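Visitor: Model the full assembly from the supplied sequences, consistent with the hints where possible.
For reference, the chains in residue letters:
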Amino acid sequence: MQAIATILREMEGAVKDPGGAVRAFKQETGREVIGCLPIYVPEEIIYAGGMLPIGVWGGQTNIVQSGTYLPSFACSIMRAIMEFAMRGVYNDLSAVVCPMHCDTLKCIGENWKVGISEVPCFCLVYPQNRKNPSGISYLTTEFEHLRKKLESLSGRTITDEAINQAIVIYNEHRKTIREFTRVARDYPLTITAQKRHMVIKSGFFMDKAKHTLLVKSLISELKALPAEKSSGIKVILTGIMAEPDSFLELFNQYNLVVVGDDLAHESRQFRTDVPAGGTPLERLARRWAEVQGCSLAYDPEKRRSNMLIDMVRETGADGVIVTMMKFCEPEEFDYPILKKEFEKANIPHLYIELEQQADSAEQLRTRIQGFAEMMSTR
Amino acid sequence: MSEKMTSKQMLQKLLDDHYAGALAAKERGELIAWSTSIAPQEFCETMGIYTVYPENHAAAIGAKKGSPELIEVSEFQGYSIDICSYARVNMGYLEIQESVAGKIPLPDLLICCNNICNTVIKWYENIACELDIPLIMFDMPFNYDYEVNDHSVEYIKGQFQEAIHQLEQITGRSFDYNRFREVMEISSEAARWWKKAMALAQAVPSPMNGFDIFNYMALIVCMRGKQESIDLFKLVAEECEAKLAQGQGPWKDRPEEYRIMWDGIACWTALSTTYKFLKNQGINMVGSTYPDSWSIIYDSHDLDGMARAYSSNFVNRNLDFRVDNICQIVNDFKVDGIIYHCNRSCKPQDFCQYEVQRQVGDRTGVPSVMFDGDQTDPRAFSQAQFETRIQALVEMMKTRKQQQGIGVK
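One line per chain: the protein sequences are B and Y, in this order.
For what it's worth, this note's numbering labels the leading residue of the first sequence as 1, then goes sequentially.
For what it's worth, this note's numbering labels the leading residue of the second sequence as 1, then goes sequentially.
Be careful, since some hints might not be right.
Claimed, not checked - Partial chain Y-side listing against chain B, Cβ under 7 Å, derived: (1) Gln77; (2) Ser80; (3) Asn118; (4) Thr119; (5) Ile121; (6) Leu135; (7) Met137; (8) Phe142; (9) Glu162; (10) Asn318; (11) Lys347; (12) Phe351.
Unchecked claim - Listed below are several chain Y residues computed to face chain B (Cβ distance under 8 Å; list not exhaustive): (13) Tyr79; (14) Glu125; (15) Cys129; (16) Asp139; (17) Glu154; (18) Arg344; (19) Cys352.
Since the hints were derived computationally from the structure, they do not count as laboratory data.
This one's a predicted model, so the numbers in the text were calculated from it and none came from an experiment.
All residues carry an ideal CB built from backbone N, CA and C; glycine is no exception.
Guide: Here's what the structure looks like:
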């Protein structure tokens, strides 16, 4: 237990002070730290260049300055990112990478180029026809351009060999986190919903090789313990993210256990490995072709609902919580289909709107409480 | 077509025929496509597939005050109030298949092009899923660099090939490349006449009542690949030229005092009240960022050019281009002021609009206002706010004209 507490404390340190992690890396190595906006930035290219890729997903703050770029009905993650950028919070970053998956991210990239002169913004567009050879070739070229920008930023060459090595490290990291999420199901009292989230999130601010080692020792420490019994209501989370923190805090109180997730901030990052074969940049492009069940990855068959229903069955979950990031159109469009399919499959679900800035803990409490009561009488 | 028909009568007839024709084609058992508004229609036109445009239908429903009831239906299904209202109107229509603006037949296939927004990807995915029909996706990558880059063009051309293949499979017929060449020629010719007719509003006073552009737009959306649209835009140009020759302005009953540019889609649900309020102040809309999106002009031998043209509309371009584009309109159309419609439905436009407004203001010195509205959800529009903002704009335009020594009544 002591060892587990130590590991969790180290992870918590990274989550609570990403700025410290950035400065420490720069001090130790003298190299660059690159911010990666949501989602699917090919971090392997950055890593291969000896730089530290870190996650940039906004956070809870007061929106004061970013209102000069974005109206109040823009996604709260993006408003927070713009706000932090304007306040200079990201000035220790050497650049950010903005993948333009949605209309809001397109505009963030554009506004950033104009408004944030201290930190260059490298944009990327991902193809929708992502399985077609022409789409894969397009994305490979986008990644090639990113590689060149990173090379000229750092003054170092990023070789194919180094990217292939980075892919090995990243695939190992993905595999390890997947294992962690499976093992964590047996220890719902030690690995609460908040801790599960924190373990995964800490990977955004650490060297992935180091994070893999930490998570591996956490897994082996957990496995040494007897499995924990819990009478909690088992849920799957789906959506962009399970923040603000006040949201998951309620899970302990109302005895909800997270047995799986489909969050952009969590499982979507590591459920798809980079496949083998071809040049490393092609491999990274083909990873995008293999992404499934994500609201940002074109899918006219809308397989996300089936994927979630399968997850519910596999994990023995009691229900699904749709954590709707307010104003996220890609997610909002998926919801009516999910709703219909969940109802058809007789799977209870809770639709809950989240905003990073909103201090709506009481409202969230009412919804979670209501859901927990409904589930316990089922 | 009668010689005596005015362009407005001709427009109405063509649109009536268009929608009646679609229903008749469905009755005959022909394939119907639904398409986004600036998709490469050339492929379905070549294949002889009747194509209707849900955005146009939604706009017509909005103008006839029928959007709230359809929006209610889709919101009941779980569509968030924050989603584009065209999509909410259309998903509601899909459920009840009735509207104040008439019926459109349900589709057998879908054509989606995201050069206008990524919203349409999600919207069309949902239709494809609900109806279990094929979706042909034309992905035009957002141009964060100023120009459309070469690897985008290659990718788009790859998709053209794929679309032809998909259409051959769906119809069981082979694609006629000679017919394709003809359609390409007609489409570019229609776009040229569209651009030419709109450019006649550069004259002072403009011979065109600018809000008419919003009406003519229906045809450049729905019939860009057909000879009839060329005929219509020629007629519009003729009428304007005749008015120009006589020095006539946009209206018989009052002079054009202020010339404005309108950024964004119209508020269809408040089309006549916004129009009347502007007209009462002597304000004529002479230019807009929006209609020019259909100026899709390329050489019929040039597939690269076609790919570039379809990726080049302003909302698929970066901020620098958008600013240049508006400055050009301000200059060409001798604009006195700009009205920015912060259209709740249109995120790709709204989320760059504040910065565009600042930069255009700095570069041109032309005053501007922004108002909150929506293309088809009347709940997001307030006539009172609109009027207050326009009054402020009039004050600013008046002062500026006085400073420049231009007489104002």
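Visitor: Have a go at the phenylalanine 142 of chain Y hint: is there a Cβ in chain B nearer than 7 Å to its own Cβ?
Guide: Phenylalanine 142 of chain Y check passes; min Cβ-Cβ to chain B is 5 Å, inside 7 Å.
Visitor: Hint validation: glutamine 77 of chain Y versus chain B, beta carbon distance must be below 7 Å. Holds or violated?
Guide: holds (5 Å)
Visitor: Under the criterion of a CB-CB separation shorter than 7 Å, is leucine 135 of chain Y in contact with chain B as hinted?
Guide: holds (4 Å)
Visitor: Double-check arginine 344 of chain Y for me: the hint is only fine if its C-beta lies closer than 8 Å to a C-beta in chain B.
Guide: Check passed: Cβ of arginine 344 of chain Y comes within 7 Å of chain B, closer than 8 Å.
Visitor: Does the interface hint hold: is lysine 347 of chain Y within less than 7 Å of chain B, judged Cβ to Cβ?
Guide: With a minimum Cβ separation of about 4 Å from chain B (threshold 7 Å), the hint on lysine 347 of chain Y holds.
Visitor: Verify the interface restraint on threonine 119 of chain Y: the C-beta must sit less than 7 Å from at least one C-beta of chain B.
Guide: holds (6 Å)
Visitor: Using the nearest Cβ pair, does aspartate 139 of chain Y come within less than 8 Å of chain B?
Guide: Holds - the Cβ of aspartate 139 of chain Y comes within 8 Å of chain B, reaching about 4 Å at its closest.
Visitor: Closer than 8 Å between Cβ atoms is the bar; does cysteine 352 of chain Y clear it against chain B? Give me holds or violated.
Guide: holds (5 Å)
Visitor: With chain B as the partner, please determine if phenylalanine 351 of chain Y meets the hint condition of a C-beta pair closer than 7 Å.
Guide: holds (3 Å)
Visitor: Against chain B, run the beta carbon of glutamate 162 of chain Y and see if the smallest gap drops under 7 Å.
Guide: holds (6 Å)
Visitor: Verify the interface restraint on methionine 137 of chain Y: the C-beta must sit less than 7 Å from at least one C-beta of chain B.
Guide: With a minimum Cβ separation of about 6 Å from chain B (threshold 7 Å), the hint on methionine 137 of chain Y holds.
Visitor: Restraint: glutamate 125 of chain Y near chain B, CB-CB cut 8 Å. Satisfied or not?
Guide: holds (5 Å)
Hint check: no violations occur; every hint is consistent with the structure.
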